[in-house]
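Chemist: Protein sequence lines correspond, in order, to chains Y and F. Take -2 as the starting number for the first sequence in the numbering used here and just add one per residue. Take 11 as the starting number for the second sequence in the numbering used here and just add one per residue.
Please keep in mind that the hints were generated in silico from the structure rather than gathered at the bench. All of these numbers come straight from a predicted model, not from anything done at the bench. Cβ coordinates follow ideal geometry from the N, Cα and C atoms, glycine included. There's no promise every hint is true.
With a straight-line Cα cutoff of 30 Å, these simulated DSS-like cross-link-like pairs (lysine-lysine) come out [claimed, not checked]:
id : chain 1 : residue 1 : chain 2 : residue 2
1  : Y       : K139      : F       : K167
2  : Y       : K187      : F       : K31
3  : F       : K85       : F       : K167
4  : Y       : K338      : F       : K117
5  : F       : K31       : Y       : K152
6  : Y       : K187      : F       : K85
7  : Y       : K187      : F       : K117
8  : F       : K85       : Y       : K341
9  : F       : K111      : Y       : K338
10 : F       : K85       : Y       : K139
11 : F       : K85       : Y       : K338
12 : Y       : K252      : F       : K156
13 : Y       : K139      : F       : K31
On the chain Y side, residues computed to face chain F include the following (Cβ under 8 Å) [what the hints assert, rightly or not]:
id : residue
14 : P90
15 : E129
16 : F155
17 : F332
Partner residues are not named here, just some residues of chain F that face chain Y (Cβ under 7 Å, in silico) [what the hints assert, rightly or not]:
id : residue
18 : H27
19 : L35
20 : V71
21 : S76
22 : L78
23 : T80
24 : R81
25 : V98
26 : M124
27 : E131
28 : A135
29 : Y146
30 : Q170
Listed here are the chains, written in short residue letters.
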Amino acid sequence: MAYLVSHPDEVKIVSRRFGQGAANLDRYLELDGYKAVQKALAMEPDAIVNEVKNSGLRGRGGAGFSAGMKWSFVPKQSAKPKYVLCNGDESEPGTCKDRLIFEHDPHSVIEGVTIAALAVGAQTGFIYIRGEYRYLSLIMQKALRDAYTRGFLGKNIFGSGRNLDIYWHGGAGAYEVGEESALMESLEGKRGIPRIRPPFPAVVGLWGGPTVINNAETLASVPHIILGGAEWYAHLGPPKNGGTQLFCLSGNLQKPGVYELPMGYNLKKMIYDVGGGIPDGRNLKAVVPGGSSTPCLTADEIDVSMDFDSLAKAGSMLGSGGVVVIDDAQCIVKFALRTMKFYKHESCGWCIPCREGTDWLEKTLTRFHGGGGLKKDIDNMQYLSENMLGRTFCPLGDAAAMPTIAFVKKFRKEFEDHLEGRPCPYEKEGAVEQLPVFAH
Amino acid sequence: MRFSDQFEARFAEMVPHYPTKRSALVPTLLYAQDEIGFLSDEVIAELAQRLELTELEVRNVISYYSMLTTRPRGKYNVQVCTNISCLVRGGEEILLHCQKKLGIRNKGTTPDGMFSLEEVECIGACSWAPAAQVNYDYHENLTAEKMDKVLQEYRQKSAQ
Ligand SMILES: Cc1cc2nc3c(=O)[nH]c(=O)nc-3n(C[C@H](O)[C@H](O)[C@H](O)COP(=O)(O)O)c2cc1C
Ligand code: SF4
Ligand code: FES
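Turn these sequences into a full structure, and let the hints steer you where they fit.
Modeler: Structure, rendered in structure tokens:
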């Protein structure tokens, strides 16, 4: 089972109750559980929205959109029921944080969904958990049952006269379903093909009703903001990047693990101090800072603040907090190939640039890595990726293109080292998948 | 077509949660598959009827989701992640090791029906890579030796 780590620089807020048995409702109550909901019940809905807005909380699912702002887009009056949908599909390679929240603190997600529902006037919430996380859906189902038993959910919650139902829902293996509109399709029992926007889910969402969709970590942060106050939370991070983030450190590190650090924490420190540096006396080659879809940074680009705006300035993204460290024994071409194989597998096939682009890129990278690369492939890969950008219905096309562009641009020499039939300089025996080599 | 009482209880509880019946489809398919082993023609016909869908609609959904299958698999489905965090920590070597140990290729099943093998995308165990799931159980920080032990444990479990 996923074990817990700690480091003195951590600021434990979302992870505060990890390892403390808080999946048990009584224990959760001892640890200030459900106090935030009771406080929110006494607040005006607009006041809740404003508090979340002022806290600077930005979506932890990848895009980094202001949570309070998103909530404020939900119309006050609606003929159709409103919904809150918690996104626990967590499938971005490099990301394994929502898993810990569901395992150690499921009630904090329920509390977050409840507060969001109070803020936008919804009476139904769904917590969508990916199919592979079966043990977590069992934990969540028990947590929901317990909350119903105490009257925290259902009719007249906490004796407030308000009604709220929250249900669990499960996936069955699909990354694309994490995309918010595909998530709704999946919940409606369909293939996870995205919807055209606008209209945005906040206006037309689940079954046509206004729907707030937030990542599990975003929602689990909300109760702490309500209790601790917007001001306190905002000041934990740099301006406009409030709070802390669960950073999933993985790859070639001494001490990989999920660490909760303030927004804006220095990446170099994160790798060498928190993560304990690179093992076996090797050196850093590159780091993927926010999950597989974010452009990599080279070893001399890591003196950067890990927050949404600083990483955007550095030409990458904070994404979902998945920091994947790559040492100098790894082949970037292989890494780029594995990344593309993933996106090709997960593309829903609706848009031609994404469907054909990921397929061609995967084929080219496979041939290239297998020793059949042509010099013109290098420019072609970059050209092809650049032409996918912004030309698709959902951001998966960009997610496939952006990292590829960075790999080709920043590690061109490594691509060139594979040319002229030379075997991969890094390949361990037997692990190469070969496609037929084309003649020049 | 008979499912277990537990399945029926879950199904009966789940359907009223949604304004449309078909919304229960994806989790229901997975529960049915867990019981029957795969999504047989009979299961598809039954669920289509219950959720007021055509069989084609159900098949369309099944073909989209990677965990759902219409073909039988081994009793223990060994799913090895080779995505990026696992890749750099030897995920491919674990997969190769399993291929050799079990004598089957990706998506194959051993002749005795005990194991099947699958290369999978990220399973949310990146910080504990390389990782694999056997059915729903996680096995993390794997090495070839540890993987052998895991396989052995399932063999023993099956013999009991
Ligand atoms: C291909 C794709 C996959 C995504 N997967 C996830 C996911 O697994 N979990 C998640 O919370 N957000 C995911 N997102 C982002 C969601 O679309 C959405 O922005 C997010 O759930 C909103 O919540 P937030 O504002 O709290 O981040 C994904 C986006 C794309 C384009
Ligand atoms: S970008 Fe890709 S995944 Fe997204 S809608 Fe288009 S084809 Fe589907
Ligand atoms: S990359 Fe293997 S579990 Fe995430």
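Chemist: All hints, please: hold or fail.
Modeler: Against the structure, the hints:
no. : hint            : in the structure
1   : Y:K139 x F:K167 : holds (27 Å)
2   : Y:K187 x F:K31  : holds (12 Å)
3   : F:K85 x F:K167  : holds (11 Å)
4   : Y:K338 x F:K117 : holds (17 Å)
5   : F:K31 x Y:K152  : holds (23 Å)
6   : Y:K187 x F:K85  : holds (28 Å)
7   : Y:K187 x F:K117 : holds (25 Å)
8   : F:K85 x Y:K341  : holds (29 Å)
9   : F:K111 x Y:K338 : holds (25 Å)
10  : F:K85 x Y:K139  : holds (27 Å)
11  : F:K85 x Y:K338  : holds (28 Å)
12  : Y:K252 x F:K156 : holds (20 Å)
13  : Y:K139 x F:K31  : holds (23 Å)
14  : P90             : holds (4 Å)
15  : E129            : holds (5 Å)
16  : F155            : violated (22 Å)
17  : F332            : holds (6 Å)
18  : H27             : holds (4 Å)
19  : L35             : holds (4 Å)
20  : V71             : holds (6 Å)
21  : S76             : holds (4 Å)
22  : L78             : holds (5 Å)
23  : T80             : violated (13 Å)
24  : R81             : violated (15 Å)
25  : V98             : holds (5 Å)
26  : M124            : violated (21 Å)
27  : E131            : holds (6 Å)
28  : A135            : holds (6 Å)
29  : Y146            : holds (4 Å)
30  : Q170            : violated (22 Å)
Of the numbered hints stated above, those contradicted by the structure are hints 16, 23, 24, 26, 30, listed in ascending order.
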